[in-house]
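K.L.:
If you're matching them up, the sequences are chains A and B in order. With UniProt numbering, you'll find the first sequence wraps up at 334, consecutive numbering, no jumps. With UniProt numbering, you'll find the second sequence wraps up at 333, consecutive numbering, no jumps.
In case anyone wonders, no lab produced these hints; they're calculated from the structure. From the three backbone atoms N, C-alpha and C, an ideal C-beta is built for every residue, glycine too. It cannot be assumed that every hint is accurate.
To be verified - In silico lysine-lysine, DSBU-like type, Cα no more than 30 Å apart, as pairs:
1) K97/B x K115/A
2) K165/A x K115/A
3) K76/A x K97/B
4) K221/A x K187/A
Unchecked claim - Label pairs and their computed distance ranges (CB to CB):
5) G298/A x N161/B: 30 to 40 Å
6) M303/B x S197/A: 47 to 57 Å
7) E193/A x L115/B: 31 to 41 Å
8) N161/B x P173/A: 16 to 26 Å
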Amino acid sequence: MSRSTRAAGALSACAIVATIALAGCGGGGDNAGQADAIKVGLITKTETNPFFVKMKIGAEAAAKADGAELMTAAGKFDGDNASQITAIENMVAAGVKGILITPSDSKAIVPAVQKARSAGVLVIALDSPTEPQEATDALFATDNFKAGELIGQYAKATMAGKPAKIATLDLAPGIAVGQLRHDGFLKGFGIQEGDPSVVCSQDTGGDQSKGQTAMENCLQKAPDINLVYTINEPAALGAYTALKAKGREKDVLIVSVDGGCVGTKAVQSGQIAATSQQYPLKMAEQGVKAVVDYGKSGTKVSGYTDTGVTLITDKPAGGVEAEDTEFGLQNCWG
Amino acid sequence: MTATITPPKPPEAAEPSLARRLLTTPTVGPLAALLLACVFFSFNSDQFLTGGNFSLIIQQVMVVGTLAIGQTLIILTAGIDLSNGAIMAFGGILMAKLAAEGTVPPLVAIALGLLVCAGFGAANGLLVTLVPLPPFIVTLGMLNVAFALTHIYSQDQTVTNLPAPLTALGETFSIGDTRVTYGSLLTILLFLLFAYLLGQTAWGKHVYALGNSPEVARLTGIRTGRLTVGVYTTAGFVYGIAALLLVSRTGVGDPQAGQTDNLDSITAVVLGGTSLFGGRGLVIGTLIGALIVGVFRNGLQLMGVASIYQTLITGILVILAVTVDQLSRRRIR
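Same shape as in the complex, but just chain B (with noise of 0.2 Å):
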C-alpha cells in the first residue's frame, strides 16, 4: 500500500496526481476557507491583519483546539464524544481547588487533574468496548456524571487565588512585538505532535484502519479493543491539558466552563474536513477547523457585527463541511 501512495517524482505526472490530490485531501477545502475568511476581515478591518491579533485568535481558540484534538481520534475511530468539555471543567476545577487550597503542591495537583481527566477517557473507552455500548450514549452519561462532579466538588464556587504553576501556560513571550502565550504554544505542538502521531506511525494507521472498518481491522490483527481503549484514554488526557490551558487563561477554576465545548470541539473536527464515519481526516484540519470558528468570532467582532451571527456563520459552515465530505465520498465510490 505504501509503495501505491509514494508520491511521483517526474514532474509531467504530478499534474493529474495534485488535482487529484486537491480533490481528496479533506483538509484543503477548510484551509481554502480560512484564507478567505482572513483576506476578507482584512480588507473589512483595520485591526484584523496584526500580529498581535492573530496571537489573540490562537489563545481564544486554544481551549476548544485542544478538546478538538482528543475529539479527533475518537472521531476518526468513528466514535464521538459528547462529554469532553464536561471531563475538562472537572479536571479545571480539580488542579484549581487542590492547589488554591493547598492540599496538594500544585505541581502534584495538575498531574493528577491530568490523571483524573485519562481515567475518564479510560473509562469511556471501556464502557464503549467491554459492554459494549455506543459511544454517543456513553459519553451522553459521562457528560452528565463529570458535570454533576464539578458542581458538587466545586459547590458552584469560582476557585480564584491560584498559584503561579497552574497560570504559568497563560504567560508570554514575545516574537517581534507580538506577544504570545505559552499555551498557544502548547498547542501548535500538541496538534504538531498527534499530527506525526497519526501520520507516521503503526498507531496512526490503526486508528484509521479501525474508524475504516472494526471488522477488517481485527481480521489484519489488530487488538481493536485495547486500540479503542487506548485512544478514548489518550483523549482524556489530552483534555487534562486543555483543562489547564483553560485555568491558565482565565486565572480561575470555574465550575460553569467548558458547557458547550463538546459540541465546539465537534464542530472544529467537522470543519476541518474530518469525516464523522471515521476513518478520513487530519487533526491539522481540526486546528483549521478551530481557526476558522476564531477567525469569524473575532473579525466580525472588529468588524461591529453583533456575536449571534457568528453562530448562524459557523452553522452554515458545519452544514456545507458536512456536504462536501458526503459527496466525496460518493466520488471516491
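In isolation and in its complexed conformation, chain A is listed as follows (with noise of 0.2 Å):
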C-alpha cells in the first residue's frame, strides 16, 4: 500500500501546485473574454419538459435575430437548485450580459442570483418568481393567479348553479406557481380555501401518473365529484384516464391551466373542458431582447411584465372571454 500512497500524494501534490499556478496567473485572463456578441444565458428547471423546450426555442431564434449569442442549461430533476447555482456560476465565468431563469426554488436561488447581479449581471426570472421576487432585476411570467381564476370563472359559469364536489390535483407543497392557479381558481370559482364543496386535494407534481392515481383516490373517497381542477394538462389527462375508468369522464368537469399542443389538442376533443394557455416563447424572446438591450444600452428592465393568458375552449359559457382550439392550437407550446 505504501507504493500507492506515494503516487497518491504526488498526485495531489500537483494537483495543488497546478491550481495555485494557476490561481496566480489568474488575475490577467479575467476580462480576456469580452467577446464581440453578448452573451445571454438561459436556465431552465429541466432539459425535457417540453414547455422549457419550447422556451429554448423562442429564446434562440429571438438571440439569433439580434445577432446575441445564447447558451443553456438546466436542472436534472425540477427543484434541483445545485445544478442552477452551478450553471449561474458557469454562465458569470463565461461572461454574459444577462441570465434568464426559471427558478427551481424560488428562495434557495436567491444567494447564487444577488452574487451574479453583484458581478454586473442582468438577472431576469422566467415563468416563477424567485422569494422576494425583487431579487431579480425583473420577471417575465404567466399571471398564474389569473389563469387560475380564468378557469374558476369559467368553471362557476358552466357549473351554472349546480352544487359542485371539487378535487384539486395540485403541483407540491411550498411552490408558488402551484399555490397561485390553486388559489386563483377557488376566488374565480367565488369560494374560500377550506370550502366544503372541496371535496378532495392532492399533489400530483404536474405528473400523468400522478395525476391518474390522485385522482382514483379521490373518487375512492368521493365518487360524487363533478369539477376536477388540475395543475396542468398532463395531471388533467391523468384524471381523465382515472374517471373514464370508472365511467365518469361525461359528467365530470376538467379545466386545466398550461396551453401546451397535447393539452390543447385534449381540450379539443372535450376530455379537457377549459384550460388556460400561457406563452413560454414570448418570455423567452422578450428575456432576450431585454439582455441584448441591457448589453447595448446599459438600461435595465425591471419589474413584472404578464406575458398574457388566455382561456381556450370551444364551449364558452357565461360570458367569460375564451378563444376557440383553432387559436389554442396555433398557438400552442410543446
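Each chain sits in its own coordinate frame; assemble them with the hints.
P.N.:
Structure representation (C-alpha cells):
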C-alpha cells in the first residue's frame, strides 16, 4: 500500500501546485473573454419538459435575430437547485450580459442570483418568481393567479348553479406557481380555501401518472366528484384516464392550466373542458431582447411583465372571455 | 509484503517498474483524462484557464466530492451507498432549521447534524453486518427513509436567514488574485486525510483487505463486522461534512437537495479508477473523478454547449472507466 500512497501524495501535490500556479496567473485572464456578440444565458428547470423546450426555441430564435449568443443549462430534475447555481456561476464566468432563469427553488436560488447581479449581470426570472421577487432585476411570467381565476370563473359559469363537488390536483407544497393557480381557481369559482365543496386535494407534481393515481384516490374518497381542477394538462389527462375507468368521464368537468399542444388537443377532443394557455416562447423572446438592450445601451428592465394568458375552450360559458381551440393550437407550445 | 512493494532504488530497474506501475495504478488513466480535458478546454475557451475559474470548479465539485469520499470507503469494502445524498439533505436541513429557528446555538446545530449523519451511516453499517443484508438494499431503503424525513421535518420549506457559522465555509480567502472558499480548502484537506488513513494506517490496510476478500480478512484476524460498521459510520460523518458544505455553498437549507448526488458520487468514484468490486482504488482518484465531471460541466458551459451533452459525456466516461478496470483486472489475473 505504501506505493500507492506515495503515488497519491504525488498526485495531490501536483494538483495543489497546479491550482496555485493557475491561481497566480488568474488575474490577467478575467477580462480576456469580452467577445463581440452579447452572451445571454438561459437556465431552465429541466431539459426535457416541453414547456422549457419551447422556451429554449424562443430564446434561440430571438438570439439569432439580435445577433446574440445563447448559452443554455438546466437542472437534472424539477427542484434541482444545486445545478442551477452551478450554471449561474459558469455563465457569469463565461461573461454573459444577462441570465434568464426559471427558478427551481424560489428561495434557495436567491444568494446565487445576488452574486451574479453584483458581478454586473442582468438577471430576469422567467415563468416563476424568486422569493422575494425583487431578488431578480425583472420577472417575465404568466399571471398564474389570473390563469387559475379564468378557469375558476369558467367552471362557475358552466356548472350554472349545480352544487359542486370539487377535486383539486395540485403541484407540490411550497411551490409558488401551484399555490397561485390553486388560489386563483378558488377565487374565480367564488369560494374560500377550506370550503366544504372541495372534497379532495392531492399533490401530483404535474405528472400524468401521479395525476391518475391522485384522481383514483379522490374518487375512492368521494365518488360524486363533478369538477376537477388540475395544475396542468398532464395531470388533467391522468385524471381523465381515472374517470374513464369509472365511466365518469362524460359528467365530470375538468379544467386546467398550461396550453401545451397535447393539452390543447385534449380540449379540442373534449377530454378537458377548458385550459388557461400561457406563452413560454414570448417570455424567452422578451427576455433575450431585454438582455441585448442592456448589453447595447446599459438600460435594465425592472418589475413584472405579464406575458399574457388566454382561456381556451370550444364550449364558452357565461360571458367569460375565451378563444377556441383553433386559436389555441396555433399558439400552443410543445 | 511491504518488502516486495518498496520501490527499487537503482535507476536501471526503474524503467520497467514505472511502465508496470502506470498500467496497474488505477489513477493514471483518470488523471490523464482530466489533464487532456483541461488542455482541450483551454484551447476552446478564453475563460477556462484562469485561477478564478478553477476555484469555481472546485467549489462546484466539493459537495459531491466530499460525499464521494464516504462512497469510496464503502465501495473499497465492496459495498455501495445509495443513501448518501439523502442523508446529506437531511443533515443539511436539520442543521439549517435548528440554527435558523434558534432552537440551539449554531455550532450545536452543526454538531447535531454531523452526529445524525454519522448515525445514519452507523445504521446502514449495522444492518449490513448484523442481519446481514446486501448494502444495495439497505442503502436503497435508507435513501427513502432519509428523503422522507427531510421532507417531513422541513415541511418542504426552504430554510433561509441562516446564522453566520453555517455559511462560514462559503466565505473566501485570496491566493494571489483568486478567491478560494474555505469549503474548497476543507474538501482538499479531507481528501488528503483519507489518502493518509487509507494508505498509511493499519485501518486503511484492513479496509482494502476486507474489500479484496472478507473471508481472508477474517482469517487474518481482522474483526470484519466491527470494521464494516466503522467504515459506514465514518462515511456517514463525512456526509455530515458534505451537508455543512452544501448549506454554506447555497446559503439555505434546501429540502430538494442531493436527489441525484448518490449516483453522482458513485460516478466520481468510478471515474477515479476505483473498482466497484472492492479492494482496489485510491481516494485521490475520486477527487480526480469529481474534477473530471466538474471540468466537463464548466468547460462545455463556457464553450456554450448545452448541459445535456455534459450528461452524455459523463455517461460515456463512466462506461469507459469501468471497462478499463475490468480489462486491467483480467491482465492482473
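K.L.:
Now, for every hint given, state plainly whether the structure supports it.
P.N.:
Status of the hints after comparison with the structure:
1. Restraint check: the Cα-Cα separation between K97/B and K115/A comes to about 23 Å, which is no more than 30 Å; the hinted pair holds.
2. For the hint pairing K165/A with K115/A, the CA-to-CA distance comes to about 48 Å; that exceeds 30 Å, so the pair is violated.
3. The hinted pair formed by K76/A and K97/B meets the criterion: a straight-line CA distance of about 25 Å does not exceed 30 Å.
4. Restraint check for K221/A and K187/A: satisfied, since their Cα atoms lie roughly 24 Å apart, inside the 30 Å limit.
5. G298/A and N161/B have their C-beta atoms about 33 Å apart, which keeps the hinted 30 to 40 Å range intact.
6. Against the hinted window of 47 to 57 Å, the Cβ-Cβ separation of M303/B and S197/A comes to about 55 Å, which satisfies the hint.
7. For E193/A and L115/B, the hinted distance range of 31 to 41 Å is satisfied, since their beta carbons lie about 40 Å from each other.
8. With their beta carbons about 20 Å apart, N161/B and P173/A fall inside the hinted range of 16 to 26 Å.
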